[in-house]
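K.L.:
Chain residues, written in single-letter form:
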Amino acid sequence: MSSPTMNSGAAMTANAMTTISPRDAAARIARMRRRQLRSRTGWALCGIAFGLLGLAMSWILLMVMVRGISALTPTVFLEVTQGTGGGLLNAIEGTLLIGVGSMLLAVPFGIAAGLYAAQFSHTLFARVIRFMADVLVGVPSIVLGYFGYVTMVEWLGWNFSLAAACITVAILCLPYICRTTELALSQVPAAMQEAAYALGAGEGRVAWKISLPVAMPGILTGVLLAFAISVGETAPLIYTAGWSSYLWSGQIVRSPVGYLTYAIWAFINEPFAAANALAYAAAFLVTFIVLAISIGARLVLLKRQGAR
Amino acid sequence: MNFRRTLIGFASVLPASLIAVILFLAIYYWPAVKFNGLEFIVGTSWNLGNTYGTPIMRNGVAMLPGAHYGILFLIAGTLLSTLIALLIAVPVGVGAAIFLAEAVPGRLRLWLSFLVELLAAVPSVVFGLWGYAVLIPLMGHTVFPIMQRLLGFIPFFAGPTGSGYGLLTAGVVLALMIVPLIAATLRDAILAEPMVVRESAAALGATRFETVWQVVLPGVRKILIGVTILATGRALGETMAVLMVSGNALNYLPPNIYSPISTMAAFIVSQLDSALQDPTGLAVRSLAEVALVLSVISVGVNTIARLVLYRAGLKEARL
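Chains A and B are the protein sequences, given in the same order. Read the first sequence against my numbering and you will find it ends at 311, with the numbers running on by one and no gaps. Read the second sequence against my numbering and you will find it ends at 927, with the numbers running on by one and no gaps.
None of these hints come from the bench; they were simulated from the model. It cannot be assumed that every hint is accurate.
Covered stretches of chain A (in silico footprint by chain B; criterion: 3 or more residues with CB under 8 Å from a CB of chain B, positions within the stretch not fixed) [to be verified]:
#1 152-159
#2 167-179
Heads up, incomplete: computed chain B residues facing chain A, CB under 7 Å, no partners named [stated by the list, open to error]:
#3 612
#4 625
#5 706
#6 707
#7 727
#8 737
#9 817
#10 876
#11 902
#12 903
Label pairs and their in silico Cβ distance ranges [to be verified]:
#13 B:764 - A:125: 51 to 59 Å
#14 A:61 - B:714: 16 to 24 Å
#15 A:61 - B:764: 30 to 38 Å
#16 A:127 - B:632: 21 to 29 Å
#17 B:802 - A:254: 56 to 64 Å
Note that beta-carbon positions come from the ideal geometry of N, C-alpha and C, so glycine has one too.
All chains, please: the whole structure from these sequences, using the hints.
P.N.:
This is how it looks when you write it as structure tokens:
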């Protein structure tokens, strides 16, 4: 098969192609075997890598499930925390309050930013929004928590409070809502919007009646994922929400609130079995809520893709 | 036009809040910068000074006698734990992505990929809980002593092995947290590579693995680099999980891989209470400087990652 043989006439070519010396054949087979072995090793290593990931992840989820479910008693849902025992009603309420409150703040501003970035994508301000959103995603959540602490808790004198927690988490969620909104809007067919403009609709009418409704499943996915983030966050809340063993007083400032992720972090370090059980119960609730929201968000997206 | 003006008003909240965060931290930390100077990033001792002493003035800043702030040990802890996380997460992530994209048949792939994406949503404090309750006893009692016996001849792997809290444990937990991001992004990229490329390689006689390893993977190289940097940014800023497993060491550089460490993010949480004991407020301001150093590193890494991914043709990176 080497080039000199190919050049020296048809007869010789035919000869060279039919007779391969036994040594060559053996070498080829050996090389083929080596390649196959290497490929099999490669697949095996990839399988092991996936297996490791799967093992660790199932371990985490199983631990949360097993220890969490065994710690779930009616008391957890019916009573507030007393010292390091009791229930988690205050924390469940606090987590939902912070989640809903931060979404109420973040959703209008986040969607507005995403809408602007998508509808007027060529403008300088749209580019500024996109860049700032990407930068804000990169800011570690603890830094935002620290910012909330020095500004709202200390400087404005709100102390640990629902307002400080909600605003901090809202800032954290803004870029996620903005970017998913923009992505969803950019997939709305331009022809639909152009048709509306051609019929004389203004920018506001096109946004409200055409772009936003068509992109709604994508936007909703982003909002749900942001909500999941607000439920699962801990670091920015430690120094903005504080901790309270009582139900919400109804005040948005100068009154700390409890939340589930704090219970995980603080109660696992306590030397009491009852406190540890509460930590596992909280971990189960947080994981369950976050995963349920994530699954729900993806189902919304899948449904839209199925409808097309 | 009125609509557009209102929209701009609402939309500018996002840029405004970022600017507010940066400005406020910068204003707040300025006295600390004046006091600490360059010593801040090359010193390895964080010392509030004598909290019962009379505050004295130096460089125009009120301070407690003996106060000294240097965070080199935090920078080292942050970078080393992230490095260990990457050394584990990149090979595992690449392997898992190849396995998901190329070895698993259609229907099952959908489910397994879905599972990997869900894992990216598990809150960090739950990873921390697992690290605290499961990984630390395992590492401290079993893995570390075995490692020390087998690898003890390498300087950084020699004992003492400690209790399980520390650099390697933090690295492993961080690795677990970033593997889903790497695996899911790379899987999408591999699946998006054109079929023609694979067919050409197969026609040349390459085995399926050779096709993936030598043809498909080089094609997604830039995306792998980009997502690795993105994962780096995430690991650098991770707080809760590290806080729960790192041992929160103070004022020394890790002598070996088992040693307790602390990272900048975890330090901000663990030290705020004691920093508040400083009546001059310099300690809290120095913490703001830690937050700013962390933000600068993290934002820089994140921006580079997005640039790389954008140039690799991935317009919308996973957030």
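K.L.:
Now look at each hint and say whether the structure bears it out.
P.N.:
Now for the hints, and whether the structure bears them out:
no., hint, result
1, 152-159, "holds (count 3)"
2, 167-179, "holds (count 4)"
3, 612, "holds, 6 Å"
4, 625, "holds, 5 Å"
5, 706, "holds, 5 Å"
6, 707, "holds, 4 Å"
7, 727, "holds, 5 Å"
8, 737, "holds, 5 Å"
9, 817, "holds, 4 Å"
10, 876, "holds, 5 Å"
11, 902, "holds, 6 Å"
12, 903, "holds, 5 Å"
13, B:764 - A:125: 51 to 59 Å, "holds, 53 Å"
14, A:61 - B:714: 16 to 24 Å, "holds, 22 Å"
15, A:61 - B:764: 30 to 38 Å, "holds, 32 Å"
16, A:127 - B:632: 21 to 29 Å, "holds, 25 Å"
17, B:802 - A:254: 56 to 64 Å, "holds, 60 Å"
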